[in-house]
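Q: Sequences listed follow chains A and B, in order. In this text, residue positions in the first sequence follow the UniProt record's numbering: the first is 1, and each later residue adds one. In this text, residue positions in the second sequence follow the UniProt record's numbering: the first is 1, and each later residue adds one.
Do not rely on the hints blindly, as some may be mistaken.
Chain copies aren't distinguished; within one or between two, either way the pair holds.
[As the list claims (entries may be wrong)] Pairs of lysine-lysine residues, derived as DSS-like cross-links and limited to a Cα-Cα distance of at most 27 angstroms, are as follows:
1. K62 / K203
2. K53 / K265
3. K203 / K265
4. K192 / K265
5. K192 / K203
6. K125 / K53
7. K125 / K203
Note that these hints are calculated values from the structure, not bench results.
There are 2 protein chains.
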Amino acid sequence: MNMTTERSVFYISDGTAITAEVLGHAVLSQFPVGTNSVTLPFVENVQRAQAVKAQINALCQKSGVRPLVFFSIVTPEVREIILQSDGFCQDIVQALVAPLQQELGVAPAPEAHRTHGLTANNLGKYDARIAAIDYALAHDDGISLRGMDDAQVILLGVSRCGKTPTSLYLAMQFGVRAANYPFIADDMDNLKLPTALRPYQHKLFGLTIDPERLAAIRQERAENSRYASLRQCRLEVGEVEALFRTHQIRYLNSTNYSVEEIATKILDIMGLTRRMF
Amino acid sequence: MNMTTERSVFYISDGTAITAEVLGHAVLSQFPVGTNSVTLPFVENVQRAQAVKAQINALCQKSGVRPLVFFSIVTPEVREIILQSDGFCQDIVQALVAPLQQELGVAPAPEAHRTHGLTANNLGKYDARIAAIDYALAHDDGISLRGMDDAQVILLGVSRCGKTPTSLYLAMQFGVRAANYPFIADDMDNLKLPTALRPYQHKLFGLTIDPERLAAIRQERAENSRYASLRQCRLEVGEVEALFRTHQIRYLNSTNYSVEEIATKILDIMGLTRRMF
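The following block holds chain A by itself, in its conformation from the complex (with noise of 0.2 angstroms):
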């Protein structure tokens, strides 16, 4: 193959292809080689299976390289047209599914591939999820502290240090009800912790950031300000530390982690279990 032009990769299902994109991508992510994908879901009949087999063959053509295709289709009819694509197939989840068989002792009965789908089985935990979202809208940025018995974390931080983002992850995700509430700068002079919030010692959970990081993040929402001053920063960032550790609140700089790290680090250090959607 050609090493100095980037690999032409395709995540196919007959659902959404977010399982597909999510391992495709983890698996070549151990490789040192370039890649430029194209994601096709809803691939659930003969003919849009069809055009995806042309498109594979159309690309493979013009590149003079088979594209990777990773893919995971039950119906047999639409899966074996994708198999007969020019491109180099992989079924991400048939897989592991031939060991399972022989473990279980049971055939497989794929119904309609929906990984990520609602089904009579699933809705009540869907609607957990979704009032999850609510919860944490309702309960964003010290919107309410009322409810708070409902919580089943409440992180505290400063401004921009990723609260949001990890309850929206920690409910969207997890069915987890997320509340958060900020330490703002008109705190700093004498940083206490609310007393509508004592009662909750338990389910608190700080994050916090370097202040460099915070500045740099500060300064894009309002440049040359206080709010995003080095100095400013550092300041906050110092008395909500100091306040996390007089309370013996658990906490995690987030600095270097994506809210997906964040969310599930969360979990694991405060013992809360997954809902799996």
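Place chain B on chain A using the hints.
A: Leaving out everything else, chain B in the frame of chain A:
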């Protein structure tokens, strides 16, 4: 194996374990077997791996059936400990690495295992995702009709048809900037497309929902209100669908779809590219 009890499943990773969960769940959904799962992220060192191995072995002994283990760990000595447990261990990534190595003609060079991690390479994309979340929140529920130039999609629909979770998911998962605008009861007498939205016809996307499901969702929030009555839900949905048709706004009935499915269908229909994180 004993078919009457649930089979224990472990999702284990040196990262967030989100990929292991999603893929394992997809594979298991093909089998008519009840499961009982535990997720163990950040198994990054020998000490934690040994604790996990002990946990797997204890459960195996207690239940008399070996637990299923879907895992992904890069460091060989940590991986080896999991493989030596009494579980039925499936490496979710490795199964695809070998064929890919042959196809690419390059050896894998796994570094830290951070499918959902922050690196110098993806920090820009990550910041764009966080900016997309900020955008979705600032343009949620018609809060602001300014800044529509920056929207990639503007979702329209009645209250509680799924606009907000969809906007947030588009931002969180795909870094897509989505605004949303609600049609409320007071609009219904003379339903019009707001003047401010008319220049953005090509970005508009409608969500609709079955009135029965809508009434059930609204009942959860405002029992026995006019807002939650089936009559009102029917009226609003009918009016809004008519508006979508009049203005040739593409739309989707969200009733039977999850937020993942709605979001990916919108990207697909509108031809928007997903940002891979």
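Q: Among the hints numbered above, which are violated by the structure, and what are their numbers in rising order?
A: 1, 6
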